[in-house]
Each structure stands twice: as C-alpha cells, then as structure tokens.
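Chemist: Chain by chain, the residues run as shown.
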Amino acid sequence: MIEYNLAMSRRLSVRALALAALLLAFFGPAALAQLSIEVTGAGAQRIPIAIVPFAGEGALAPSISQIVRDDLDRCGLFRTLEVPPLTPPPTEASPVNYAEWRSRLADALVLGSVAARPDGRFEVRFKLFDTVKGEDLSGVAYTLQREQARTTAHHIADFVYEKLTGEKGVFSTKIAYVVKRPDRYELQISDADGANEQALLISHEPIISPAWSPDGRRIAYVSFQQKKPIVYVQDLQLGKQRVVANFKGSNSAPAWSPDGGTLAVALSRDGGSQLFLMSPDGSNVRRLTSSSGIDTEPTFSPDGQSIYFTSDRGGSPQIYRMPATGGEPQRVTFEGSYNVSPHVSPDGKRLAFIARHNGKYQVAVMDLATHQQQILTDSDKDESPSFAPNGRMILLATVIGGRGVLSAVSADGRIKQRLSIAAGDVREPAWGPFIQ
Amino acid sequence: MPKNWIAPIHALALAAAAGLILAGCAASPTQEQSPAGVEERKPGEGGPETRGAKPGQVPTIDLTSKKQAASPLTDPNNILSKRSIYYDFDQYDVKDEYRPLVEAHAKYLRDHPDVKVLIQGNTDERGSREYNVGLGQRRSDGVKKMLLLLGVKESQIEAVSLGEEKPKDPGHDEQAWSQNRRCDILYPGEY
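Just so you know, the sequences run in chain order B and Y. First residue of the first sequence: -13, per our numbering; consecutive thereafter. First residue of the second sequence: 70, per our numbering; consecutive thereafter.
Note that these hints are calculated values from the structure, not bench results. Remember, it's a predicted structure, so these values are computed and weren't measured experimentally. Accuracy of the hints is not assured; some may be wrong.
Unchecked claim - Here are the simulated EDC-like pairs of lysine to aspartate or glutamate, each with C-alpha atoms no more than 20 Å apart in a straight line: (1) LYS367(B) to GLU194(Y); (2) LYS234(B) to ASP183(Y); (3) LYS214(Y) to ASP256(B); (4) LYS214(Y) to ASP165(Y); (5) LYS367(B) to GLU243(Y); (6) LYS176(Y) to ASP238(Y); (7) LYS237(Y) to ASP169(B); (8) LYS346(B) to ASP159(Y); (9) LYS213(B) to ASP165(Y); (10) LYS166(B) to GLU194(Y); (11) LYS166(B) to ASP238(Y); (12) LYS234(B) to GLU223(Y); (13) LYS235(Y) to ASP364(B); (14) LYS213(B) to GLU243(Y); (15) LYS226(B) to GLU191(B); (16) LYS237(Y) to GLU191(B); (17) LYS367(B) to ASP238(Y); (18) LYS213(B) to GLU259(Y); (19) LYS222(Y) to ASP256(B); (20) LYS185(Y) to ASP256(B); (21) LYS346(B) to ASP364(B); (22) LYS237(Y) to ASP411(B); (23) LYS346(B) to GLU243(Y); (24) LYS346(B) to ASP242(Y); (25) LYS235(Y) to ASP159(Y); (26) LYS213(B) to GLU227(Y); (27) LYS149(B) to GLU191(B); (28) LYS367(B) to ASP242(Y); (29) LYS234(B) to ASP159(Y); (30) LYS213(B) to ASP238(Y); (31) LYS335(B) to ASP353(B); (32) LYS235(Y) to GLU191(B); (33) LYS185(Y) to GLU223(Y); (34) LYS346(B) to GLU194(Y); (35) LYS367(B) to ASP159(Y); (36) LYS235(Y) to ASP256(B); (37) LYS234(B) to GLU227(Y); (38) LYS234(B) to GLU259(Y).
Please build the complete structure, drawing on both the sequences and the hints.
Modeler: Right under this line is the structure:
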C-alpha cells in the first residue's frame, strides 16, 4: 500500500501531487483516509543511529529499514542518519568497523538482511551495535509471511528502542480514535504510526469514550445511535456490537479493570450520574458511588486497587480516588476550579488530567506521591489524555486552527507529535495496550 | 509551463481519485442498529367531506374542503409546539420564563397518559465530553422532576443527555453556546 504522508505534501510540487493521486486511484482511497503524523518537537538529546538498508529487503514491501527509521525518528528520541549506498550491501553477519561508523557520527548501528525461503515465507535477521562501546548488542531472526513485513519492522524498532533506552517500545501498539466527517462519525483503530486504519463503527450519530480492554481484543464505547448514550462493547475480531448498558437515562464513560473482568460506567438510571460496576457483558450491575453530584469518568489504577474519577460533589468538578471495591472517596486535585478526565500512568506514579485555568483546558500531570503538578501543553482545548503503555507519551485530543487533531506529548513536554486526518476532525483517542 | 500547471492526464487522475475517495468506505465496519421502536401517534381528526347520497346516485366527495385539525404538538400557534428550554452557563434550573411551556406539556401528558416523552439535555462545547453528558443529564432531570411534580407519571418520561455532542449552533462563541445549553422535549415519532 502506498503511504501518503500529508506533512510532506506541502513540499511536493502540484505535479507530483497529481501523480500521487493517480497512483492512489489504483491502490485505493484508504491511504488518503489515514492518520498522518508530524513530529513538531523532538527530545533534548537524540541518539544518532544508522539504520542501513537490509540486504535483500527489496523483496518485501514496505521497506523494513524505512519503517524502522520512521518509527525511531517519530518517537523523538533518535536521529536516524543518512547512509550512503554501500557495496556490497552489509548484512547482520558482516564485520563492523566501529571507528568508521563513529566517524559518521553514529552512536548505534543496525544491519540486517531479508531472504526468501523455498516455502514462500521470508527470513528477516538484524543486529544492533553500540559503536561507541564497540559492542554487539545482538539481534533477532524472524520467519514471516510476506504480509507481516510491517509488523516485523515494528518489532525491530521496539528491540532497538528497548536496548538503547531501557524502556519498552510502543511501535507495535494500536490507537483508537473517533473521526467526525460532515455526514458521519467513525470509530477507527490504526497502528501507532497511523497505518492499517480499520473502521469499527460508522454512524450518523456521535461516538465518544472508546476504551480498550486490557488484552486489546475488545473496545467499549458510547454511541448515540439510539438518540441517547448507550455503552457498547465490540470484539475486534468478530466485529459484533453488543449492548452492555442501556438503562433508563444516560449510560456512558466505560472503563476496564486491569484484569479485564469488570467495567466501571456512569449511569443516570437511579438519578443524576453515578458510578456503577458491571461484568463486561452487562450483567452483575452494582452501584459504586452515592453522591448528590455528578460522578463520572472512572479509571482504574494499574494495580486494580483504586478508581479515580471526576466528581462535582464538592461544588466544582475535581478528581477523586476511592477503593475499587467501594468506600469513601478522597479528593486528589485542589488547584483551580475544574479538574477532570483522569488517567493513571502505567507505573501507577503519575496522573494525567485536564485542568482549566483562565478559560484554557490543558493537560496537567501530577506526581501522585508529591502531589506536584505541571501543565504539559500550551494549547487551550485539550481533552481525553491517555498514557502510552510504556508511560512515556501522553496522547490527547485538541483543536488547532479550528480543526480537531490528536497530539502526543512526552512527560517533559519536549517531544510533540500532531496526528491529523485530511477531511475530518479527530477526537477521543485511546492508546491500546501491549499485545501479549 | 507555469509552476502550478497540471497536465490534463493528471487532472483526470485527480478527479478519478476524488471520485473513488468519495465512494469508498472501509470494508466491513459495523453499521448502526435500527433505532428503538417508534410509537404511533394518534392521527389527526377529520377527513374529506362526504355528501349524503340519494338512492341511485353516486356519493360526491368534495376534496377541496378538507378539514384536518393539526396536532397541537406541531401547531405553531400552540405553546406545545415549543419544545426547548434554554439555560445560562453552569445552570440547570428551569428559568421562570419557561414554566408556562413545561406546564403546558405537563397538562398534555396528564391528558394523554399513554404518551411518552424523551427529554434530551444538552450543553455547550466547553470542557470534558463525559462531564458534559452529566451536566446535560442534570438539565433533563430538572425538567423531568418538574413534570413529575405537575402530575405526569414516571413511566411517561425518560430523561437523557446528549452532552455537547449535538449542538444546535456549531459556532464557537457565546451566541452559539447559549443556543446549545438546552433541553428538548421529544414526542413519539421524533425519537
């Protein structure tokens, strides 16, 4: 599939643009519909790394080394170097002249190869080298079907990322989001780089609050297709939509427990908006909160012990925490008069949320031990923050130039990405889990 | 040739691609289910006038003098055709100016105990979508409570919220926001 990066189009001439459109006419319109991702801010110190085109990689599409380069460049922690064509093309087994790579200013190096097997499958091998220490950091050999080239490249990028940063990479994860077009709403999921977009639901009525199950196999969401909010769960493989909560009144804000066995939701069936727990099939409903205010936006801590949620029981919307089994909520946010949309980091140490100051709605992150908080963004209509499963980036929805876009920002605010769709507003993002 | 000239073949390709993109859609996404069952409204009264027939004569029907009473719910001269209650920022009590409207709908519902209404609460676009679902619910619950106090049965009313998701005015200023802070009363056939 041809990839069409909208960020590049402004630099392309109109004739090249027309040629791309001609190619798209053959390869299908889906490519233009996908999320495009621009890096708008990079990390303070990026590791310079050379990813040499894998010997024989022309046999697979897309180019393995190109996907690895794009992943590492996009995450803001690496700067991939231009590599001049080398003859003969080196493989992972070739001897490495560390001094020569250091002179090219590379701190790290990846070499690899692609070979076709007689049974129609392929073998992809690679090795990662630390050129500064002159060390072989090992690698992996994969056997794959042709269609798995892209997936394999993401795995390689994850390996490199983890070896050089000590964190797990998220290049093999997925994201969910809602696209609003003039005539319809779409619940979409795509790879973390925007490829392989797949529509889960297309509706004339709004869709909000997608929530991934911890095993990544199901998504809960709220749809207004019956003229009121109803919670659905959809199995990604089977594609069927199942009503999980359609009580009298409004049903919304689904959140999964870390073991996948419980859904927390906000229901107005007993009056107001209160939190309830239920099984993911909608059975075994029990009430969790009792307040005269609005209780909503529940989210579990990663250890499953606590639920954070938004409540205005104290007079203004603030974030509270309570035991997941029930009990007295404790207030967590005390600055300002509007703190909503909590989401806990995967290590349980930080809380991302939306804080309103001077009329601006911005993402804030609080250290849960010290209660120190800082504002991460300088936009003014931020919504729905969620952490990447490795905790490094926060994905959020915002408005830029009147258009709904997604933004990903690192904890120190330096790395920034903008994710947008050509002919629609994007909102309601949710970062998918690591797939086991 | 000028820098932004597109060769005819490229223009044709652009048009073809545009056509494909407009027609194209994802392969097998879930289509929304059909909406909840719709209750039949009582038909209006009256019909064409019929003149009595003498034996041997075919009866005449004069279609030009059709008399059909409009439903009060959609008669622009009737307060019942007004369905919307508006709110100030962060408020959810029914303002005095809307009491006559709510009282009129309460009377209609008391007189027609089989009719069920859906009250949809809405908010302006500012802030969290889910918290706005809660705020819209607070508004629709307020209208429901007033109807209950006026003698309407619980089983005749469902109060829900659309949050900020279905604005009447898509603008981004107070003019638009004031139109969107609103409850709508919907009768069968309308939801």
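Chemist: To test your reading of the hints: which numbers does this structure violate?
Modeler: 6, 9, 13, 14, 27, 29, 36
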